[in-house]
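A.B. asks: Could you build the full structure based on these sequences and the hints that come with them?
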Amino acid sequence: MFGTLTHWMEVAMWVVMGSMALDFLMGLFKGMTGGKLSHELVLGYLKDMVYFVLPLFMLAGLAAMDTTGFVVLVGYYLGALAVVVKYLMDMKSKL
Numbered sequence: 554m555f556g557t558l559t560h561w562m563e564v565a566m567w568v569v570m571g572s573m574a575l576d577f578l579m580g581l582f583k584g585m586t587g588g589k590l591s592h593e594l595v596l597g598y599l600k601d602m603v604y605f606v607l608p609l610f611m612l613a614g615l616a617a618m619d620t621t622g623f624v625v626l627v628g629y630y631l632g633a634l635a636v637v638v639k640y641l642m643d644m645k646s647k648l
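Residue 554 is where the sequence shown starts when you use our numbering, and the numbers rise one by one after that.
All the given hints hold, so there is nothing to weed out.
Pairwise CB distance ranges, derived in the manner of DEER restraints:
no.	residue 1	residue 2	range
1	600	641	17 to 25 Å
2	638	594	15 to 23 Å
3	592	621	37 to 45 Å
4	597	559	24 to 32 Å
With a straight-line Cα cutoff of 25 Å, these simulated BS3-like cross-link-like pairs (lysine-lysine) come out:
no.	residue 1	residue 2
5	600	583
6	589	647
7	589	639
None of these hints come from the bench; they were simulated from the model.
Yeah, the Cβ is synthetic: ideal placement off N, Cα and C, and Gly gets one too.
C.D. replies: In structure tokens form, the structure reads like this:
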């Protein structure tokens, strides 16, 4: 169902997952020090996996069918960049 990730696509996915993990750890730390732990912390990241990461994997699968060779890749990298910027903004607001 999913195509293979090229090296730079895999690097982009690691950056996306790393930014999600870092934001999660910051939220967990804030929740533990503030005394407010909630199930929304985990459920929000599960939702984000479906909304942000799954479409990136779907674009990776479509990249093999792209006749131009770059249209889907540009969409993949723009999507990955948008997710990283979203999490950077979230981390900035948590500081």
